[in-house]
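The opening residue of the sequence shown carries number 8 in the numbering used here; numbering runs sequentially from there.
If you are wondering where the hints come from, they were derived from the structure by calculation, not from laboratory data.
Beta carbons are placed, not taken as given, at the ideal position from N, Cα and C, and that holds for glycine.
A hint or two may mislead.
Said to hold, decoys possible - Straight-line C-alpha distance at most 30 angstroms; calculated BS3-like pairs for lysine-lysine:
id : residue 1 : residue 2
1  : Lys-30    : Lys-128
2  : Lys-187   : Lys-174
3  : Lys-25    : Lys-55
4  : Lys-174   : Lys-138
5  : Lys-107   : Lys-55
6  : Lys-138   : Lys-30
7  : Lys-128   : Lys-107
8  : Lys-23    : Lys-138
9  : Lys-128   : Lys-170
10 : Lys-25    : Lys-128
11 : Lys-55    : Lys-128
12 : Lys-133   : Lys-187
13 : Lys-170   : Lys-23
14 : Lys-138   : Lys-25
15 : Lys-133   : Lys-174
16 : Lys-23    : Lys-174
17 : Lys-107   : Lys-174
18 : Lys-23    : Lys-133
19 : Lys-138   : Lys-187
20 : Lys-30    : Lys-133
21 : Lys-187   : Lys-170
22 : Lys-170   : Lys-133
23 : Lys-128   : Lys-174
24 : Lys-107   : Lys-23
25 : Lys-138   : Lys-170
26 : Lys-107   : Lys-133
27 : Lys-138   : Lys-128
28 : Lys-187   : Lys-128
29 : Lys-107   : Lys-25
What the hints assert, rightly or not - FRET-style restraints, in silico, Cβ to Cβ:
id : residue 1 : residue 2 : range
30 : Arg-167   : Tyr-56    : 29 to 35 angstroms
31 : Glu-41    : Tyr-106   : 34 to 40 angstroms
32 : Asp-69    : Thr-114   : 46 to 52 angstroms
33 : Met-112   : Asn-70    : 47 to 53 angstroms
34 : Asp-141   : Thr-114   : 26 to 32 angstroms
35 : Glu-27    : Lys-128   : 19 to 25 angstroms
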Amino acid sequence: MEEEIQFSEIEISIEKLKEEDSKELSSFSCGVNELDSFFHNEILICSKYHYFSSYCARNIVDNEIVAVFTLANDAVMLDNSEDRDDFIEQSSYSIQEEYKAIFQMQTSFPAVNIGHLGVRKDMQSKRIGEKILDFILNTFIYYNVSGCQFITVDSLNNSRTNKFYSKNGFSFQTNTDIFKPTRRMYLPIELYRYDEEGKE
8 MEEEIQFSEI EISIEKLKEE DSKELSSFSC GVNELDSFFH NEILICSKYH
58 YFSSYCARNI VDNEIVAVFT LANDAVMLDN SEDRDDFIEQ SSYSIQEEYK
108 AIFQMQTSFP AVNIGHLGVR KDMQSKRIGE KILDFILNTF IYYNVSGCQF
158 ITVDSLNNSR TNKFYSKNGF SFQTNTDIFK PTRRMYLPIE LYRYDEEGKE
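Hey, can you work out the whole structure from these sequences and the hints?
What follows is the structure, given as structure tokens:
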């Protein structure tokens, strides 16, 4: 799962994070204390014991890490009928007619979770986060590595982070977490797939 991505501001490559990256990680900062502490102290040990897989984006020019993110298996599960009805209604428009009846009967919905995503402070606002989302979506659409209907994220509950994910097509899963430190969001992979096919 490696890919080179080119765009106007910077060229990046995405690769698995390795033990030998620990020294470089120790000085990495995305400007959010909780995330920085996690990247410095926990990400490699959690990855070693398969809590998630961890990745970095590197600047092709100088090979420095410009972003870090993690991926883990997940599922969208809804505890109450009101949230489930809202979720089904919002998501069904992205599902093809031939599968819609089955989709509406599912009790859970397979997903991949972006657990942590941080872009280095001096590299923010250069569309790196968007390119990482494209990489994740393309991997699960075109490589078909496992059953996966949604990308989920627990967005840090601040206006900038929520806006970033909303701008990239994510919806809030529930309103019960509106005052919590993170907000659960999701993006239907099928919606992205057919949007991309429409561009071709």
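**Message:** Against the 30 angstroms threshold, does the CA-CA distance of Lys-128 and Lys-174 hold or violate the hint?
**Reply:** Measuring from Cα to Cα gives roughly 20 angstroms; hence the hint holds.
**Item:** Straight-line alpha-carbon gap Lys-128 to Lys-107, limit 30 angstroms
**Value:** violated, 42 angstroms
**Restraint status (C-alpha distance of Lys-133 to Lys-174 at most 30 angstroms)** = Between Lys-133 and Lys-174 the Cα gap is close to 15 angstroms, so the pair holds against 30 angstroms.
**Whether the CB-CB distance between Asp-141 and Thr-114 falls inside 26 to 32 angstroms** = holds, 30 angstroms
**30 angstroms limit on alpha-carbon distance, applied to hinted pair Lys-23 and Lys-133** = Judged against 30 angstroms, a Cα distance of about 21 angstroms means the pair holds.
**Message:** What's the verdict on Lys-174 and Lys-138, does the C-alpha distance respect the 30 angstroms limit or exceed it?
**Reply:** holds, 13 angstroms
**Prompt:** Holds or violated: Lys-25 with Lys-55, Cα cutoff 30 angstroms?
**Reply:** Within the cut-off at roughly 9 angstroms; holds.
**Asked** Regarding the pair Lys-30 and Lys-133, is the alpha-carbon distance no greater than 30 angstroms?
**Response** holds, 25 angstroms
**Request:** State, for the Cβ atoms of Arg-167 and Tyr-56, whether the hinted interval 29 to 35 angstroms holds or is violated.
**Result:** holds, 32 angstroms
**Message:** Need the status of pair Lys-138, Lys-30: alpha-carbon distance at most 30 angstroms?
**Reply:** Given pair Lys-138, Lys-30 holds - Cα atoms ~25 angstroms apart, limit 30 angstroms.
**Hint consistency between Lys-138 and Lys-170 [alpha-carbon to alpha-carbon, up to 30 angstroms]** = holds, 16 angstroms
**Asked** Do the alpha carbons of Lys-55 and Lys-128 lie within 30 angstroms of each other, as the hint requires?
**Response** holds, 26 angstroms
Violation of the numbered hints given earlier is confined to hints 5, 7, 24, 26, 29; the remaining hints are satisfied by the structure.
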